[in-house]
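Visitor: Each chain is listed here by its residues.
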Amino acid sequence: MKKNQSNHGLAMTLLKGRTFIVLIVLLIFFSFAAPNFFSQNTMLLIAKHVALYGILAIGMTYVIITGGIDLSVGAVVGLAGMVAGGLINKGLTLPMFGVTLYFDVPLIVLITIVVGALVGWLNGIVITRFNVAPFIATLGMMYVARGLAMLHSNGATYSNIVGKPALGNTGYDFFGSNIMGIPVGAIILVIIAVITAILLKFTPFGWHVFAIGGNEKAAKLSGIKVNQVKIMVYILSGVCAAIVGIINSAQLVAAHPASGESWEMNAIAAAVLGGTSMAGGIGGIGGTIVGAFVIGVINDGMVMCGVSEFWQMVIKGLVIVFAVVIDQFQRNLQAKMALQARGEEKETAASNPGGNLA
Amino acid sequence: MKHTRKLTAGLLAIAMAASMAGCGGNNASSAAPASSTPASSAAEAAKPLTGGGSKIMYIITPSHSNPFFKTEAESASAKAKELGYEVKVVSHDDDATKQAELFDNAIADKAAAIICDNAGADATVAAVKKARDNNIPTFLIDREINESGVAISQIVANNYQGAKAIAEKFVEAMGEKGEYAELLGKESDTNAGVRSSAFHEIIDQYPDMKMVAQQTANWEQTEAYQKVETILQSNPNIKGIVCGNDTMAVGAAAAIKAAGLKDIAIVGVDGSDEAAEQIKSGNMVGTALQQAALIAEMGAEQADQYLKTGSTGKDEKQLVDCIAITKDNVDKLKNFVYSG
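So the sequence lines, in the order shown, correspond to chains X and F. At position 102 of the first sequence (counting the first as 1) the number is 102 in the numbering used here, and the numbers step up by one without a gap. At position 43 of the second sequence (counting the first as 1) the number is 43 in the numbering used here, and the numbers step up by one without a gap.
Hints are supplied without guarantee of correctness; some may be wrong.
Said to hold, decoys possible - Dumping the calculated PhoX-like pairs for lysine-lysine here, alpha-carbon to alpha-carbon at most 25 Å: (1) F/88 x F/98; (2) X/16 x X/90; (3) X/16 x X/217; (4) F/308 x F/88; (5) F/257 x X/90; (6) F/169 x F/239; (7) X/164 x F/334; (8) X/201 x X/217; (9) F/177 x F/262; (10) X/164 x F/262; (11) F/47 x X/164; (12) X/336 x X/346; (13) F/280 x F/314; (14) X/90 x F/334; (15) X/164 x F/257; (16) F/98 x F/110; (17) F/334 x F/47; (18) F/169 x F/98; (19) F/262 x F/327; (20) X/90 x F/280; (21) F/55 x F/110.
Just so you know, the hints here were simulated from the structure itself, not pulled from any lab data.
Next up, chain F with everything else stripped away, as it sits in the complex (with noise of 0.2 Å):
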């Protein structure tokens, strides 16, 4: 879910090209290359930056298509006008080259700070980098990218620990045994290979708990849907699903209904309401809220109390929980915010 899917290949390039065609006219900063020299670098790292000059605070995040960027974009707004700031609200759509000049723009625009939930952890570098030259300094939300000492903080959700949660409860839920199977996220998607490797930690404690199946459905609720049903035919008597995310999740348990199948245990990620839902109603077991508000806010405090004295009093890396979101206490979870 956290990552919405990219255009088949024959359609990409003229996205791109009408992207950039809708973009192209604003490169006022375009005289700053991408890569900074090493001395700059080091130079400014010694010495906190202090923005472009204005009081504007760019929140760049994927699309607002997905609630849960949504919530991101604007819990991270919300609190930055709290604290005085103008803010911009934009989305990269997962494009790295939009995002690139999303940073020209907020470049040119003098921006006091980024808030950014990347679209690349490597493609993200460069354009980070671009800001630091230019005095701006950037607070990464949600997604790292591949390299430290270029942004200032970089607060993401720890996946690992909320997939491993939630596999708990999992395991809980299928009574330590019995036919699974595992619906992963888009496979070239780092989140999926670690969501799914958490799941596994755990399940794989239990040998008694037997998986027969494991395809990718791409976040994707219908592609989940279809899939479960497929895999129900040659697997009739599988007691749990275990998927990478929400939007999958909610599919899956949509499929379970249309079989008429009973007592499924099915698992997902993210904490969005649908799942939320779905657990109330008794067609899911539970899920992992990846605290997207409160990622937002730290971000936007971050930024401001780095502006005022020129430290977060924090480290770079910065992992926040997950929260496991079962029957007990899902009550609690409104729009990616836990209020307990």
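Just chain X, same shape as in the assembly (with noise of 0.2 Å):
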């Protein structure tokens, strides 16, 4: 019975680290694969276009765990890159003073992130308030801000977003730039990540989190103000989003009212292949970027091998199917050993009935 139960414990690690383990495999597998695959360069690189939909996928992680969905992140993602963009280039016209203002480029930014952050909050309101599901309310909202977007500008794209010295609103450009050689993308995926793991694992409001997904109407008898902590999920994930949305347009110094369209899918894969359970109440920051990893590695290098973009969907849908597979084996081999473990507790108890006494 020992043995059998190292065996189960050794299984139980390789299973709780199976996307690590994944991620090392596919590293090596690529370093043979594809020449220059394996260099500090490409390592940034693939961490600078992680940070997209791994900054997203953070967001929809705390979402997931409260046992909802966001599907609005993508079209946040062109709407916060048009609102920056536009502020940039057009600045903000008031019409009754018949003035134009131009921010400065820290000014843009905090309006984009509170545009984003508005938008959260409008999904967590329709979800809390009005009692529609989550997926109904976000992909409504996924409309309504794809739709605003593209009002903006009517459909065009701003072009050339780095401001002008004379309107003192230079300086956009700096988050798609580096910062001795580490892309500032990735430096913020990083700064977001520890914040929000962080927030996540050792406050009250991370505990919320965790008690809404597991069992809500327990959270609620238990004191914990649920709306409340569900419409701070939202806003968190619309700040992702805009987040995500002023660092792609900055890339590209350009915004374009359709980008981030269907990223929400990649944030999606990349909670759920990092452990979080769809069903809410599981899940975990250091997962979802581990997760985002994986399919920025399927995705890059895939590419330096020049194979064929219809193999790539190909092998991204397998990974992710696979994920969840052996995400459910592993809940159910750890049912099995917790009852395992139950019956040996009762086993030791019974043959030895006096040793508390002793």
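Since each chain sits alone in its own frame, please combine them into the complex, following the hints.
Guide: Pasting the structure below:
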């Protein structure tokens, strides 16, 4: 029986770290398959690419842990880019005063993030106060936000969003640049990941997020302000999406209203690959980041190998489903082990009835 | 750029359900079967279609979020108004189902004619036939369908000629030698294949031109940006990038700039204002302008002439040449209109 258990223990460790193992295997595989893959530059590049949907996936992880989903994040990426691009290129015209205001970049970034937060807040309000299923509420918001992004410029792209020194609004390209060779997007990803991981694991807010996903009724009965926490979570997701919108438009030096289309799917995939359960109550930021990197390594690795887009899609899809299959396998195993452990406890208790007294 | 990206499969079903819920109430003409009998088609082919009875011209295009289609719709609309028609401009968002519904709307509205940049070479045939059965002539612009004798005109940009013209400029800019990469459009899209084979018909004549990477970026800017960055990792020596459209070319130019590289020849196809800006600032070599405005105006003019005289006086299939745009003539390009 002992041996059996240690086998289970090893299996559990492997299963728990499965996404990480997949990531390592992929890295080794592509290092052999593609010359130049295993280099500092390529790794930084992957980090830069991963930053975009990785940040989305962080917000998404919170939302999914509460048992919800946020389909609007891709559209918010587009909207945020347009808001920032518009403020830089056109400024803010106030017809009643007949003036056009140009803000400096930090303020533009702040306004853009507030727009993202506002979208998230609206999502949260519709979901909690009007009791609309998150899938529907955020699906609606996806269309609304995308439409607003289009309306903002009447469908046109804001190109060359670098600002003018005379207007004092230069510096937006910072978010697409490198600091000592490290892409700013990747740095922002790390900062957000650390903050949100701490928030989720070590603060009452984080515990409440888990509690709501685990059993909403119980959470409510135990005094958690469920609605408030949920609204906060959607705001966080909106803010993450706005930040991605800023990074993306800064990298391209252009804001296109159709940017970010279907990125919510990559975000969900990263979260799920990282072990976040769509049923809610289970998940973590670390796992999500690893999941995002798995997708990123597959994407960039296959491009460097010259694999066709069609195969890339097939392989990405298989990896996602495979990850969830293993996820279920792990849960079953865990449940079985818990049962077994309980059985053993009873056994020891039975064979040594006076143990506690001695 | 010419085809907006479809939503991911998971969302597609929902999106379709939503759009059907949104437009489902409008089925006044559902009595007319989608497929016409050969006899009625033949009879109608003999005598010209006279329109549904009103003076309304329907202009159906893909989403105006793409400036190309916006220009197209606006040009056709302006021309039709000038010719004395009432105009209804609608978008099918590259969804063949939605397009069929819009055709139904036009039929119910007794439209005089339909000008359409269609949502699929095969999927559109039935809709055009249905309009024909209801005595409404359809004039296709920008994209063809896989059947002739159904629409009155099919006026399209000569993608092949355009891609070849700009490929020549590309080879010239590369000095007829060196490594280059190609960014393809969405691989399921006919135009992506047509443009790519036209590129290669020219480029492959030069033995010193070596393609080291070929990837699709799905007509999209962010994707092009990321793919070029990745391609540069495995092929740091590339001297040129040939792109299936301007959106990707602009993305590629941004990636090259971000990598701190200079003198990389980049070309695209479409002739967008964003590309024009990149050509002016020297980040791109050129693009092939598809004359969207001209094609759209031709559609409206031919519709008018056909309704008045019973004939357009032209073949059904008409190819409009593209214009190679480089720094020499980029100043004449604005909003897909070449004023040369």
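Visitor: Does each hint fit the structure? Answer for all of them.
Guide: Outcome of the hint check:
1. F/88 x F/98: Within the cut-off at roughly 16 Å; holds.
2. X/16 x X/90: violated (51 Å)
3. X/16 x X/217: violated (29 Å)
4. F/308 x F/88: holds (20 Å)
5. F/257 x X/90: holds (24 Å)
6. F/169 x F/239: holds (14 Å)
7. X/164 x F/334: Holds - the C-alpha atoms of residue 334 of chain F and residue 164 of chain X are around 23 Å apart, at most 25 Å.
8. X/201 x X/217: holds (21 Å)
9. F/177 x F/262: holds (17 Å)
10. X/164 x F/262: holds (23 Å)
11. F/47 x X/164: violated (62 Å)
12. X/336 x X/346: holds (16 Å)
13. F/280 x F/314: violated (38 Å)
14. X/90 x F/334: holds (20 Å)
15. X/164 x F/257: Satisfied, since the Cα-Cα distance of roughly 19 Å is no more than 25 Å.
16. F/98 x F/110: holds (19 Å)
17. F/334 x F/47: violated (41 Å)
18. F/169 x F/98: Roughly 40 Å between the alpha carbons, so the hint for residue 169 of chain F and residue 98 of chain F is violated.
19. F/262 x F/327: holds (17 Å)
20. X/90 x F/280: holds (21 Å)
21. F/55 x F/110: At roughly 8 Å apart (the allowed maximum being 25 Å), residue 110 of chain F and residue 55 of chain F satisfy the hint.
Hint compliance for this structure: hints 2, 3, 11, 13, 17 and 18 are not met, and every other hint is.
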